[in-house]
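S.K.: Required output: the full structure, derived from the provided sequences and hints.
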Amino acid sequence: MTAETTAHMKLSRRNAWQFAAKWSKITNEKQFAQSFWTDFFRSVIGIDDLLGTGIDFEYPIKNVTTGTTNFIDVLWKNVVLVEHKSAGKNLDIAEKQARDYMVSLPSVHRPPVLFISDFARLRIIDVLLNQTIQFDITELPKHLDQLDAVFGKYSKKATEQETTADEKAATLMSELYVEFEANNYEGHSVSILLIRLLFLMFADDTRMLKKGVFTDLLDASNEDGSGLGGTLQELFQVLDTPKEKRPQKLPAVLEDFPYMNGGLFAETIPVFSFTTPMRKALLRAAAYDWSTISPAIFGAMFQTIKSKEERRALGEHYTSITNILKVIRPLFLDDYMERLRKVWDDRNGLRKLRADLGSKRYLDPAAGSGNFLVVTYQRLRQLEHKIIARLIELEGKATTGLDGKELQIGLDGTGTIGLSVTLEQFNAIEFNEWSSQIAGVAMYLTDHQLNLQLDELTGSAPAIFPLTHSANVVQGNALRTDWAEVCPIDDDTIIMGNPPFYGSTWLSTEQKLDQEHVWGDTKSSGILDYVASWYLVAARHMEGTKARAAFVSTNSITQGQQPPVIWGQLYAHDMRIDFAHRTFAWRNEGGKNAAVHCVIVGFSANAKPTFRPLWSYQAVNSEPELVMVRTINAYLLDAAEVLIRSRSTPLQDGVQQITNGCKPVDGGFLSKIPEEEAQKIRDSDPIAAKYLHPVVGSEEFINSIPRYGLWLVGADPTDLIKSPVLKARVEAVQQMRLASTKADTVKSANRPSEWQQALRQPTTDYLAVPAVSSYDRAYVPIGYMTVDVIANNLLSLIPSASMFTFGVLTSRVFNIWAMAVSGRMKSDPRISNEITYNNFPFAVGIPEEAHAKVEKAANSVLAARGAFPTTSLAVLYSRTAMPPALRQAHDALDKAVLNAYGLKSNASDIGILEMLFTEYASITNGLLAEAPVKPKRAAQSV
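Going by our numbering, the sequence shown opens with residue 225, and the numbers climb by one from there.
Worth double-checking, as some hints may not be accurate.
Derived DSBU-like pairs (lysine-lysine); straight-line CA-CA distance at most 35 Å [claimed, not checked]: (1) Lys286 <-> Lys566; (2) Lys584 <-> Lys736; (3) Lys320 <-> Lys246; (4) Lys246 <-> Lys366; (5) Lys946 <-> Lys971; (6) Lys736 <-> Lys770; (7) Lys576 <-> Lys566.
These aren't lab readings, by the way, just hints derived from the structure by calculation.
M.R.: Right under this line is the structure:
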């Protein structure tokens, strides 16, 4: 359960009526129970993603009352337990069964509420308050308040409990780290020490060690910390030495520690001289109950003990469990779960599925603190546990191995006790040493937690020590490392992760060299986000195999100029998109949320099914909506697989040309004059005053911000000498340009009275198109400007633009196109001449009547705006403040433009985009989307 899910939970009375009507006559538990509760949680409670929320069907437990293995019909840990029976069954017996199940759960997972149902009736039991209500399912809509109390109060509490423990644990480790820093301990050795201490504190509280043995060792140390470093060093050597090879006489405090192996204690590090504050910080951390932490969340929160500057330098954005599930479910987990559903009563099918769980290898080439590995390992092991429990139930055996024979758990000798899913299937590459160490130990912690769950379920679990299996976590630069040396990449490989989030302008020198190393001489690769390199490296390894990959990425890789560069290469390696999540707002499990808008892209060279899953979001913070589509292109659209490349001229003949406004490069002396300063010039210098003109860029145009500039093209040279204002400002421009390091700027110092790009100002009235709009607007706000208004380079211009051009560009059709293909500033579209406008397929060659309707409707839009002459376009085009008359005018314009394209007025956004991409593909006929050439890679560094 996540806070994000809780926030989007919404009960619907109308849906409750529909649910009651649909299910009141169903009687068969086995056939329809899961469908009943799936429908209940989705339609009545408003939870779309049951798995991501933590709602589990057929949850296996060892019944403490009977000693048998049983399955809870539905379990939402810490929120609700459901027991479902066929119609007419005794609900009292079902309630007793549910209470047995509840007490059989670990105390940290016990829900405070029980639901008992037989389709016709629903009994709700608040165990904590000792309150029970029961009603017929047909009366469900009358009891939404009771449901709201359950899913509002308890689900929120469960969320808080889930994260509070990890926040406290991370804070304790942070305080310990600060004490080491204060004593000038840093670097590799401190990383190793803190990881070992973390592991030992967890082991002390989770039955890996004799209870409290590590805490006792710390308590026995001197209060001033003297000698503690030496004792820990001796302990590490003991833990890395088999008992038969240890010295005959060991200090008593060390005798109870087992041989651990696993490499965790193999490296020799310096002895740390503990101070009193260092010892106290360690004792505070050791006193905490480490059995309660989630390795995935805790690992993410470990970022809090590193400096903010270091976190930013590495571009780390720790992925939430919710977002990890968005990746791994369509990548492989949903297929496994569907197979389990189909073979639930088939012993051979269950054995085959169980064996298959161990056949895949998983690689995260940007592992961070190991979240993807941890969550994937958890889900696969829990799936295997469920299979084991079901086989026990079907065959009546204590434990069932892969071959169907009974196993004596703990006597296997391999440490796997017949488990199919093992740590050795998991591989990772991580640049940062500290994070890679966290990832490795997080997998050990997760493995032990899962073994404890298996022990609770079956009464047996693998031997704890020595550690004979581990995940393969390699510390290194993933863009310089051969992935195949870390993890063989073939038909059984799955690649996943969350590479660093950095745009091309934020890359360090080393990261730019990484990009060049990966992309070689690929044209325009310098504009790519850093994450794009992981796509190409993955594609090179996956080509010719059935391997699959999926990455969380910045949404800018699916917009503007990046898709043609990225997918030009990925298409050359036979990659196509298997599934995708369109833009959504980032949520992570660390101490702070990173302000990033993301996408998820799954891809492979595999043959594609008829329909592929594509998730969309009405707003970046809303819940995902799934649509099954035939094609997902590079822009994450269900449309033709075309690549919109930069063009210097419009796509079609007869379309009006667009250009940028004038770039001043003047230090603001000529181009950035506020209204108050302009008035002072008018009052004090009449010569300069006659050269004052309004100046507009995107911000001034949209927000009606008054700004002025001195436009001196063709000015009388005498005026430049006589006017004190002009003389001083022109001289300042000259000095600014001469001091520049750019050759073009220095060259333009010989004409200091002009803006650097003065020739772009049109000699007629023009249509102004802002360089940046907003994702929250239904239309791109454009408008006509008179020739005396100077446009700077943040505004695009169409001189003498026709009313038809204005009508099309200010329509819903163009806005949808701009949102799809433009680059982004966060989620706001950047309206590019070369990408957005010049590639837009205008409706040309249409009947005169359709053309006239667009012009008439466009005039109506201008008239509706004219009723509010002092109101900015930002306000007029706000979704909440848009005047009804303007909205109606735009509705009429949209209808006219859609008609010009041959579409109905109720056409969907996807339908409009499909049409536009089809038109684009038809016009270009493949000539603009030339076959990509695999780039020559930069020489391999040694």
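S.K.: Take the hints in turn and mark each one as holding or not.
M.R.: Each hint tested on the structure:
1. Lys286 <-> Lys566: Holds. Lys286 to Lys566 sits at ~24 Å (cutoff 35 Å).
2. Lys584 <-> Lys736: Within the cut-off at roughly 34 Å; holds.
3. Lys320 <-> Lys246: Status holds; Cα separation ~28 Å.
4. Lys246 <-> Lys366: Holds, at about 16 Å.
5. Lys946 <-> Lys971: 25 Å, holds
6. Lys736 <-> Lys770: 31 Å, holds
7. Lys576 <-> Lys566: 12 Å, holds
When held up to the earlier numbered hints, the structure conflicts with none and fits them all.
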